[in-house]
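Undergrad: Start from the sequences and build out the full structure, keeping to the hints where you can.
Protein chains in written order, with the numbering used here: chain R, 1 to 307; chain G, 1 to 372; chain P, 1 to 481; chain W, 1 to 285.
Please keep in mind that the hints were generated in silico from the structure rather than gathered at the bench. Each hint should be verified, as a subset may be incorrect.
Listed below are the simulated BS3-like cross-link pairs for lysine-lysine, each with C-alpha atoms no more than 30 Å apart in a straight line [to be verified]:
hint	chain 1	residue 1	chain 2	residue 2
1	P	K366	W	K231
2	P	K60	W	K195
3	P	K180	P	K146
4	P	K281	P	K456
5	W	K195	G	K122
6	P	K281	P	K180
7	P	K63	W	K64
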Amino acid sequence: MTAATIQRNRPSGFRISKRVLPYLLSLPALLVCIGILIPFFTSVVYSFQRYRLSQPWARQFNWGDNYISFFTDPKFWNTLQVSLLYAGITVVLELLLGLGIAMLLQKRSTLNNFISIMLLMPLMTAPALAALMWKLMTNPGFGVLSYLASLIGLQDFRWASSPSTALLTVVLVDIWVYTPFIMILLLAGLRSLPTQPFEAAALDGVPRSFVFFRITLPMLTPYILTATLFRLLDSIQQFDIIYAMTQGGPGDTLTVFQVEAYLNFFQSTNVGRSAALMIILWAITYFLSNIFIKNWLRLRERARGQA
Amino acid sequence: MASLELRNIVKRYKSQTVLDNLSLTVADGETLVLFGPSGAGKTVLLRLVAGVIDPDEGKILIGGEDMTDLDAEFRGVGMAFQNFALFPHMTAFDNIATPLQAKHSSQGTIKTGVESVAKLLKIGHVLSHKPRALSNGQKQRTALARALVGSPPLLLLDDPLRNVDAKLRFEMRLELPRLLADRGATVIYVTQDYKEAMALGDRIAVMSQGVVKQLGTPEQIYREPANVEIARLFGDPTINLLDVKPSRDAKGIYVGLSNVQVHLAGAHEAAVGRDCVIGLRPEALAFVDEGTPGAIPVTVEAETPLNEKIVTLARTVRGREILVSRPSGTPGQSEGRAHIAVDSKSALLFDRASGERIGSKNVVNLRSGEAA
Amino acid sequence: MHEKEKDLIDAFLRGQVGRRGLIKGLGAMGLAASTAGTLLNFGQTRALAADFDWQAHKGKTIKLLLNKHPYADAMIANLDNFKKLTGMEVVYDVFPEDVYFDKVTAALSASSPEYDAFMTGAYMTWTYGPAGWITDLNEWIKDPAKTNPKYAWDDFLPGVKNSCAWNGQPGGALGSEDAKQWCIPWGFEQNNITYNKGMFDKVGVSVPGNMDEMVATAAKLTKDVGGGVYGIGVRGSRSWATIHPGFLSAYANFDQKDLNVSADGKLSAAMSTAESKAFHKQWVQMIQESGPKDWSTYTWYQVGTDLGAGASAMIFDADILGYFMNGGDNKMAGKLAFSAFKANPAAKAPTPNIWIWSLSMSNFSKDKDATWYFMQWASGPEHALFGATKMDFVNPVRQSVWNDEMFREKLNKSYPGYVEMFDVSAPGASIKFTPQPLFFDLTTEWAATLQKMVAKEVPVDEGLDKLAESINSQLKEAGLG
Amino acid sequence: MEHTSLLERILRGIALALVVIFFMFPIVWILMMSFQTNETILRIPPQLVFEPTLANYTALITGKLMTAAGTLDIAFMRNLCNSVFLSVTSVAVALLLGVPAAYAFARHKFRGSEDIAFTLLSFRFAPALLVLLPLTLYFQKLGLANTYIGLIWVYQLICLPLILWIVRGYFEDIPADIEYAYRIAGHSWFATFRKIALPLAGPGIAAAGLLAFIFAWNNFVFALVLASADKQPVTVGALAFITSSGIQYGQISAAIVLSITPTLALALYAQRYLVEGLSLGAVKG
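TA: Below is the structure:
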């Protein structure tokens, strides 16, 4: 081929520069999200105001007052405590359960694949509707779960309507809905692990617990991190299930952040306090996700380095 | 066809400089082998030429034309990857056909083109298979076929034999030179195997840490390696390296090996009185009878037949190990005391501190990449 | 329509033929009663058209935001007549009550001009009014050019009408001279007892006459009816809705208030009095002994559903809830009875707090005059009568409907005791809350406190003191205390 | 795992059975309730034997609900269609925007790419209400309130970061050489993206899309706040059976069953993508 024929292949007309291309590709996604960033900042402004919709004349900047008042507000500390407790319990239990189920289903077989799809059904049930389902099932009269509880001697088990069991009940619903999410991610992880280390360990007669803690878990860590991140941050913001089941009650048992903020906005129309609550929630999630993602990126680099 | 010229190429990744002000010219139709250890920057260089990564500085000219800012698809080169880089979701046929499809060739042309190159590479019977159904050898040939099928004027082959078994590598090493010669293309061939380099290269560029340490014909590289490192890389078994301090007497320049004065032929004046390393190719040593002038007494410790030659491990009286190689079937000694002699013309002297060869005739101007 | 039928209807409208005569006459002509109702309304439509220019806004479209409720259903069933009368188009969005008020708040707080009028409760206007989301309707009601002369604003029950008017001053009296009419009452609920006659007879108890008796009766019912039936259904969810029905009606009967208003207009919590504490103790005890097990999740739906399904023996809640449970395919349909309830033995009469479903006009409406046309029709005497007699539009807010013999007869036939109950409690019926913008803060926290008391997380006395303290500090923070 | 004792296999079987019971029981129970009238549902204690009726489904599908207060019009099928439309369109838009962006983040380490990628991901974790409430004001001004376009935009809050983050991992797992080879063969970057990157990341994209679909489908609050009744999804629509004449438990159950069906059908259809797609190694990044 001569220089002339190469010449013919030369690009003609408009051409996207290599340097511009990645920006061009990510710009639309970025723009769509930036549009959503503007209302975010509006909320930040609200959070620094004394702002009740029912008293528009009294609206003014009070700077940090909304935040400062949280320090002495037992309701706020209760909210913080309940939110963290709820998120902690659900994530830990779902992780353990999800990992266990994923290991049960690890082997590829038609039955296992079928079961794993079936187990996804709770995830496909909208949390708002799932809460409704569980409300029906825990009805003290005709609710089947109350009936079953009474059969095993738990007469009068009050599920979500008693402060001592309300948390347990919503956690149960959360587990029911979201364990499949963790299960499917970890199952995917387990099935993509290389087989050699396990075969080698089996040949050497290494104890199973050793294999699990020293081989399986470390190799699964990136998956566990991803799953935990998504769940933890969703869970600390839980709204649908709790609101549909108890509206934050009984008493103040379940007034987690989003429920409290929702009630503050829609019932009390106290926009300033509502916004401040959510900014704090956002700060918590941002902080947590930052930690997770830093670790996740480091793990990934390491995994890439080995490959 | 196309010549290739690289001018003052610099490539950095983060703070690390991978290619440092590298310049290189490859003539039209020439096969240049890039040789060097991993991390030397060979693959990066190849990708720069292919256009899939951009240099930070410098220019790339193909066929005399500046292609530095041109994307890969406009450069008209063919490339085969070390890991084959086959498209896993396409059949071997479709894999090979991609360069022809890019040219919008007709179905007929594509079919003929693919089948003829497949026949040449003896993979005509697996064209309908997907890569995962191919053996390593077949994968390698498919990758090669894909690089060749468009008859590119410039072929970039990135260690194509690296991931195939020894037998196949041996076969291909024999086949490839003819194949490449037939295409008449300019070829840049990356390898870590010195035999491949010797067998295929019109010239070899030895790279290390982002610079070309030596550029020359295989003969030059072997006979007159620029430094100890290159001397060690070329040759199997590896070159014997012994610390010496050359002196001069009436008969000329000599070194002391096991209390025997061995006189060297050639221009080694510069080495006199310096701490040096002498490089003796195993095949430049031969067993001799006791009493032959310059015979060095050794103890034979082991003998290994290696294909067409026999390699003997011996130990000098000072306890230094030395390898001797001789063609199979020639007489030698397999145990006990023996004497060896040095082919004084082929002895190489290197400066012990810098590793540079002393008294070279063809000192390479490394900066410009041109042989002096 | 046949001429004869037209003549008959016109005669009725001229007052020459009584209602029963009309129905009989039409029946003789082979028309079903329901068809007769529609015809009647059609006739009224023609009659209305004679006195007032209903066609002034012909061709315009208005949009409503409605709660999923029988009142809305009744209106929708009659809507064609409005369209014919005015030549206007009406479109509407219906949302389930669970999310309805959130939807209203979302739409109004965004200043959305989408909805021209919407259903609301009187309590909500204490937020919407000061927020500037809704319009003072006096401007239209009192303008003869804009309001049909037969609209008869005086026909509305005064207690109900006044409960929808507030001057916007925190603690200001409802229905005062300077009050703004934030909404027009549509239908309302008094809180009384609905009970299961069969269960009462089986156990041998009679309808309780005061709080002590109610606690005792409910306990006896829970113990003796069997089959898991509990004695009394009241609401208990963590919401304002738990406070306003039976609870506040009984509370007010003891002359207790939610807030005190000082001479200079400052508000302070009033629920930590000794009387209040005594009442709270009784109420909490009643729920613990005889309430539904998951009381803390109970909204009016659960309260009603349980009564209708025979899971509870009585409720102290909205009378219309009992009304609905006595019909349809409910298991206990036809077996329920009604009674007014006076919690305080010393009180002269029942003092039910009321809930008023009303219509408000959005301040963001683009055509308020046209919207008013719809509102005056929907709250007018003709539609009220149609809804009450042909649909389940109870309780109507117009005296003329309560005077209507056909309506009374319908109630007496299928809902024995309902009319008497209404007549006994209506004089004392009004909103017992102090109007102020923190209404929902106060009531939600009150409900949460009740939940804690019932769960024995906090003693009643201490809980009320804490509640009062918290409310006082919130009032101060909002500049009201 | 090859040599498992009989005891262990039995224990595994029991564990699996318990898991299946826990997760499937509520679904089965709701399915049973959906074939019952309110009367049989409300029996105490609950019973397994009943005479099945299709009345609930008939009511939902025809849109006519018989109650004590007469016949109510319900728009459940309309809600269902809205859910399908909103979820499908949102996921499609998210894929259209997210996949190229994910490709850019995976293949081109441009200045600030990590920061931008993290910022995009963090949207996934912003409390929905925080953004939603002021958004109603802006939507009003922009004329986006009560439009499908506005809703689909807000749904990107759920779909886009999820797709971006997962798909990016898949692209990173494709060896760069494969794409280089295609470029060198003479194809443009776009052809490479279309013919090489997309097909190879296909199962992963499908899995991410499916997950995004599930999350979009399950959303409750966005449409409620931002749109009028004719655009509400099935999650809001199912609440319509709590009526003044009692809670229609049978219809709620039928509504829940109907609302799960489309996602389930999709998941069954795409099941090989879900587990296998995710196990391509992308979730680990």
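Undergrad: Decide, hint by hint, whether the structure agrees.
TA: Hints and how they fare:
1. For the suggested pair K366 of chain P and K231 of chain W, the alpha carbons sit about 22 Å apart, so the restraint of at most 30 Å is met.
2. Between K60 of chain P and K195 of chain W the CA atoms are separated by roughly 55 Å; this puts the pair beyond 30 Å, and the hint is violated.
3. At most 30 Å may separate the alpha-carbon atoms for a hinted pair to count; K180 of chain P and K146 of chain P meet this at roughly 18 Å.
4. For a cut-off of 30 Å, the pair hint linking K281 of chain P to K456 of chain P stands: about 11 Å separates their Cα positions.
5. For the hint pairing K195 of chain W with K122 of chain G, the CA-to-CA distance comes to about 27 Å; that is within 30 Å, so the pair holds.
6. Restraint check for K281 of chain P and K180 of chain P: not satisfied, since their Cα atoms lie roughly 38 Å apart, outside the 30 Å limit.
7. As the CA atoms of K63 of chain P and K64 of chain W are separated by approximately 23 Å, the hinted pair is consistent with the 30 Å bound.
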